[in-house]
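My request is simple: use the sequences and hints to build the entire structure.
Single-letter residue listing:
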Amino acid sequence: MAYVLILMPLVMAAVASAVGSNRLRSWLLPLTATSHLATTLFVLTRPDLMTTTKWLVLDPPGRLVLLLVGTLFLLCSFYAVGYLQHRQERSNRVFCACLLGFLGVVSLVTWSHHLGLMWVAIEATTLVTAPLIYFNHTQRSIEATWKYLLVGSVGIALALLGTFFLAYASLHEGLESTLTFEDLLRTAPQLSKPWLHAAFILLLVGYGTKMGLAPMHTWKPDAYGEAPGVVGAIFAGGVTSCAFLALLRVYHICHAAGESAYTSRLLLFIGIFSMAVAGLFMVGQRDFKRMLAYSSVEHMGILILGLGIGAPALHGTMLHVVTNGVTKGVLFLSAGNIHRAYASKSIDQVRGAMRRLPLSGSLFLAGFLAITGSPPFGPFISEFAILNGAFEAGRFVTAGLFLFLLLVVFIGMGATVLQVVQGRPSSEARDTPYREGFFVSAPVVAFMTLVLLLGVYIPAPLDAMIHDVVRYLEVQR
Amino acid sequence: MTNLLNAVLVIVLVMNLSLLGTSRILAVIRTVAAQGALLGAIPLLVHKNPTIPVVLATFVAIVLKGIVIPAIMIRALRDAHIKREVEPLIGLLPSIILGAVATTFALLFADQLPLADHHDGALLVPASIATVLVGFVLLTTRYKALSQVVGYLVLENGIFIFGMLLIEAIPLVVEMGVLLDLFVGIFVICIIVNHINRAFSSMDTRRLVSLKD
Amino acid sequence: MPLELILIAIVSAAASGLPGLCLARSSAWGQRVAVAVMVGAAIAGLAGAWLCLNFGETPMLRFPWPAASDSLVSLDALSAFFLIPIFLMGGLGSIYGLGYWPQRRHPRNGRKLRLFWGLLVAGMALLVISRHAMAFLLGWEVMALSAFFLVSTEDHRDECRRSGLTYLIATHIGTLTLFAMFSLWRWATGSFTLQPVAGQAMSLGVMNGLFFLALIGFGLKAGMMPLHFWLPGAHANAPSHVSAMLSGVMLKMGIYGLVRLLSLLPDPPSAWGGLILALGAVSGLLGVVFAIGQHDLKRLLAYHSVENIGIILMGLGLAMLGRSAGRPEWVVLGLAGCLLHVWNHGLFKSLLFLCAGSVVHAAHTRQIDHLGGLAKTMPWTAVMFLIGAVAICGLPPLNGFVSELFVYLGLLRSGTTDGAGGSAAVIAVPVLAMIGALALACFVKVYGAVFLGNARTHAAAQAHDSPPTMCGPMLVLALGCATIGLAPVLVSPILDSAIANWWSDTRAVPPSLRTVAPLGAIGAMAVSVVASIVALMVGLAFRNRRPRRVGTWDCGYAHPTHRMQYTASSFAQLIVAMFNWVLRPRVHRPRVEGLFPQPTQMHSHVDDAVLDRLLIPAGNSVERWFGWFRRFQQGLTQHYVLYILITVILMLSTLIPFDEFIARLFAR
Amino acid sequence: MTETIIQVALLLILPPLLLGVINKVKAWFGGRVGPRLLQPYYDLIRLMRKGMVVSTTTTWVFRAGPAVTLATVILAGLLVPIGRCDAPIAFTGDLILFAYLFGLARFFTTAAALDTGSSFEGMGAAREVTFACLTEPALFFALLVLAKSSGSLNLTEMLHSPVGEFTPATVAPLVLVAIGLFIVLLAETCRIPVDDPNTHLELTMIHEVMVLDHSGPLLGVILYAAAIKLFVLGAVLLHVVAPFATGQVWLDTPLFVLELLGLAVLIGVLESLMARLQMRHVPYLLTAAMLFCGFGFLLLVR
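Residue numbers (my numbering), protein chains in the order written: chain A, 32 to 508; chain B, 34 to 246; chain C, 2 to 669; chain D, 7 to 308.
These aren't lab readings, by the way, just hints derived from the structure by calculation. Heads up, some of the hints might be wrong.
[Said to hold, decoys possible] If you want a taste of the chain C side facing chain D, the calculated C-beta under 7 angstroms gives, among others:
{"id": "1", "residue": "Ala326"}
{"id": "2", "residue": "Leu410"}
{"id": "3", "residue": "Val430"}
{"id": "4", "residue": "Leu441"}
{"id": "5", "residue": "Ala442"}
{"id": "6", "residue": "Gly449"}
{"id": "7", "residue": "Ala522"}
{"id": "8", "residue": "Gly524"}
{"id": "9", "residue": "Ile534"}
{"id": "10", "residue": "Pro548"}
{"id": "11", "residue": "Arg550"}
{"id": "12", "residue": "Gly552"}
{"id": "13", "residue": "Thr553"}
{"id": "14", "residue": "Asp555"}
{"id": "15", "residue": "Gln566"}
{"id": "16", "residue": "Ile576"}
In this text, all values refer to a predicted model and were calculated from it rather than measured experimentally. C-beta atoms are modelled at their ideal positions from N, C-alpha and C, and glycine is treated no differently.
Have a look at this one:
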């Protein structure tokens, strides 16, 4: 089954690069996405299909991320159709092919149970997504792509080194050296501690770069700022979730090795640091897409913080992976609409979005309230759960810092978002023909409904999946 | 066996320093190519009994690292009409010294990491760490885009050296995957470098600072 | 049954704005439907609350809610007590909106306003009946956010946007504090359920933590003095019936939260009571002082909300002192004063804001010094405002006097019954007296400047009285003020049940309010005051039916012009000067020079002590300081790679045991 | 019952006499014969007969002012015991009603003044309410002392308690309170040194300038109410400073009336000897009164 999920999108990517017409090609996206999601759901109902080989296993975290990315991609693909209709002037061959390829490699990431294979897959996501950032072919987009590629590759290289260290950690103790996840988990307690620690550091930095944790986040505002909104949504919801999944697996091994005391210190530090950096750069931010990038940095920090807090906060963290991904969808897609409608992303020109684009403006505002953890939206449940976890773990200082940084971020983000949506469109704001079509607004509404749904009612299956993840991570070998 | 290996590794280290000391980019690329080829050959040294796949892998590695990638880069260099890395962030001599310091640090730090007994005495770990650090030095002190690509290559070489420690551990598929990723990565980067060259009519990364806060 | 009624009311209120969204902007039907549904919801809600108050509380209703393990709502006398103003004002306000904010004159934001009006009512009602932290927070935030949208209804005005942002930040600080509080609650009690905590179940440290977090979180919403900074702007810039709702009802949700939490905690240390009393005194005094300095009618009323919250807190503080000292009569009087003032302030402050709305609606300005003489052009509103003003000054025979009397009596008892803890609290009595006197000064100023004398501008002269849809709600509120004032006996059973609900102590059962407060006598005196005044006026009227009407004599100036009138600013000037040390008015007075100086003008302005003089400068400097960090994101890839390298090296260096490393270094 | 009748009668009849006494005393000090003692009564009757002139600017509030003032002052008077016998109306907490009734009166007096739209009357109203902000706390401090020393919240008991219990603990506070109350009395009844009841056309007047536009019966009502206010506050003051009692009603009430007249004489003397304070110094005097009462309270509770 894994092969279907992984290869089908790649095949479709090949098809896409073969198809001639722009609009036909764009329709391949929703087609593939729908079938992919359908297959995923089918697999999720059939536990016997979840183990293909020793290397390709769909463990509970993988299931969660696969489902999230599948949903995200489906909605984004519909949006992409609408978006590409507005961008008829340039060929979307590379764009569609890369998007589909991305779906394939992401599936590979979620399935892979071999750290080396996972590394390969994640590096592949970097390469596949680079052309997406470059879609606009402007000088700025080249610059963004360059930074994304260089910084990302360096980080990923470190992750490779870390993977080798991990392998050596098992080799060193005379165990037969392996990178398959199962064996590492089984032999975790015997792994050589110094190598394990070094490996964890390198992997944290490496995959942290991909997640965009401070201070490795530097590529993020540029990439998110220059890429089209739909790409931003896929980055903030999909790529980061994959990187987090990788980090989660590493954390799992260290946890199984009984090293959580050591790891949690680093994780807490990085998490708080990321939130702080995000806050620093969000206050007084005049470019609302860069602001969203920093918000993504902040939420990666929250995830890592939850991981660092450990057992009590794991449920909240896992839920936050989902809620954050979905809410980012709302924010980036609506921001994309606003950006197109004003042909600018600086709040000096963009005013009164609620008047020019009533739907996108309101959704942007709602998304802001959601992502900052206001009830009754989804992120509230997860962030509140993480906070409770911090209290339960007796980490009061962490909890206090967490709340304080949430406030800083709220102030920074709120000032910018209200500037964008409220008031009258300013005089120097260029008027563009862009208006909210069905395909560019319906997906955003769908995302928002999901966010609201997660806030007031978490479907039982999803809840069960999350509990599985927590139980899975808690297993001490 | 180990002695030969160590000898090779010392040559690699010397190459690192020469990379830091050269300003002509063509020479730098050639050095990296030589380094890559040399490293690609190492598996034959460390492996107890080389099997066909291993030899195959070695061959691929040598071809990629020693011939194909440098070729791509040299093409890019030719399109860019630049000869040498002028005014790097820090001068050549200081960067050599920096590299030397990095190497020393690597040697000292490597002692902290316990080695499996059958690897004892091999310079693999310090050499790999040193090469990684040299790669970082290149990445952080050179302004020309191509020089940074070279730095990235050196970084990868360093990791490759460490990979020798677990030549048995890593399955061939992963090995190949890594090489493939490296290759595609360099390829994509070079494409971007070309685009930069066309868009900015220069390879100076100091011009790529329009995106900032 | 009552609880079901309330739930129905909540749902229908929340849905009241939805039909309008489907209708066209131009059609007035959306508004009519919304008002009809809202009124229905209000009636249902009031009925439910009333049933609960008369037939005791209802059992807890559980409904599964995966987001929170299991959510509980329930209705007891305390909840019902706070529900009544919510639904009353919810209904009246929406009726008032028919005349004040008709859809066809506000096509752009009318639908939005009604949608969030319904949500505001629903959110407040939900949080009042919820017994589970999640449900509470849900209601709380729905309330807070819809209030934000209501405040920024006219978001095309800069001032409105600014105060909206300030409000949003303030309320979010409060919400985050509440997050912390409920997390601590869960950590201490093991569940989110808001059930009373047994005597020794909680350490003092935890209790202190809960109390202070609650004080900040709820105090922000209530507009307690140092935390009031968001209040004047928000209340001044919202549409008037929204201001009435926010100021008359929403502030009380902060009070409710505090009261509810304190009812759950075991007996508090007396320091809490003292603190709340002191905060109340400060809020009361400074609130009214700042009110006197204002030139904007609605800002002035907003500052008076701070003052009244202060009085409410004084009552609460007294009640807590009574609890920790084991004096039931203090508890009864203090809490009765607190709760009844919650109602009273809800009545007269809403009434005043609605009147202010009519004034703005008629004269198109909020500047007190641009109005005047409206008593002749809008007599109805003038009478209503007068009733509200007398009530808010706490003067007999209206309701404000009754609640303030309870607080006075409680404080005096605590002072005269010689015993520990008492004599300190009694210092608050003269403070309360001063607050009363200042409030009187302030409302004489407002009433005189706005309604009496001559019109100061053409707009004021052209004013006209409001349509019945606006006057009706005012009349209802005014009648409420009069009823409580003339027959306080009516409310005593309600207060008794609420108090018993708050303080169910086995040692001392709280006595009935009737036994500790002279309700009958007060009522009788109030009636006789009214009767004698009416009698005298009738007598005077009969004494000479046809008085000679001439211009004001004014010491020989025949016909003084409207510009010679004493303005509100000059009326307040003496008191402003008296409190110069806290008000620090900014006066722009150009120097007059030369033999024939040019015509010129001076004006003065009173900044808010916390917002304008503390928070905004601090915020600006912090933003500048943050800006310094931008130099780390200057676009050079080399730097970015360097950050990664540094991170790796720093982290790896945590692995190196440096001491033995160096030892080995030199051992070689 | 008879007590009540006597008291009400005194409350309604006696006050103008006090004004008469004060004026007489002042006249003597000025070396004039001065008006007759009963002159205020004649004035009131004359004013009641006169017709009314009302400004076109005014509304019903203007006419409500005097009515409210008179009603509230009389009701406040009914709360205060005259002589040794209990007040007609007495209940726990009536002291607060007592204070707030004067507040109600102030509200309508000042509102009526502003209703004329005259700058002078606005000036007076502003001063009235401002100075009240200082006299109110003073009054409440005084009431606190009485409540504390008597242990009761009932005006009658509070005012009757000082009899015979001049313990060292209470005498010092009571003296301070007496001084404070006397200043409050002067301020509330607009006597020198706070205000000068004789001049109208001064920019520095408080009460008198507020009633510039009231004429005929309205003015009469206002003068009458002012006299009653003097009478009531004087009664309160006397209970503190001169709580002498023989125990027999028929002896005590005349005695109390004499004390009141004595107070009137005292005021008259004071007015003849002192000059009116500058307007900006008045607050200092009133603050002093507040401090006197406050210190009295502190002495009591320390």
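Legend entry - chain D contact restraint on Leu410(C) - CB to CB distance below 7 angstroms: holds (5 angstroms)
Inset, instruction - For the hint on Ile534(C), just tell me whether its beta-carbon gets within less than 7 angstroms of chain D. - result: Cβ of Ile534(C) sits 5 angstroms from chain D, so the hint holds.
Inset, instruction - Closer than 7 angstroms between Cβ atoms is the bar; does Ile576(C) clear it against chain D? Give me holds or violated. - result: holds (5 angstroms)
Inset, instruction - Identify whether the interface hint at Ala522(C) stands, where standing means a beta carbon of chain D within less than 7 angstroms of its own. - result: holds (4 angstroms)
Legend entry - Gly552(C) as an interface hint toward chain D, with CB separation required under 7 angstroms: holds (6 angstroms)
Legend entry - Interface hint outcome for Gly524(C) [beta carbon to chain D under 7 angstroms]: violated (11 angstroms)
Inset, instruction - Would you check whether Ala442(C) satisfies its interface hint, that is, whether its CB is within less than 7 angstroms of any CB in chain D? - result: holds (4 angstroms)
Inset, instruction - Against chain D, run the beta carbon of Pro548(C) and see if the smallest gap drops under 7 angstroms. - result: holds (4 angstroms)
Legend entry - Interface hint status, Gln566(C) versus chain D (Cβ within 7 angstroms): holds (5 angstroms)
Legend entry - Hint status (Cβ of Leu441(C) to nearest Cβ of chain D, threshold 7 angstroms): holds (6 angstroms)
Legend entry - Gly449(C) as an interface hint toward chain D, with CB separation required under 7 angstroms: Hint holds; Gly449(C) Cβ to chain D Cβ min 3 angstroms, cut 7 angstroms.
Legend entry - Thr553(C) as chain D interface residue, shortest Cβ-Cβ below 7 angstroms: holds (4 angstroms)
Hint compliance for this structure: hints 1, 8 are broken, all remaining hints hold.
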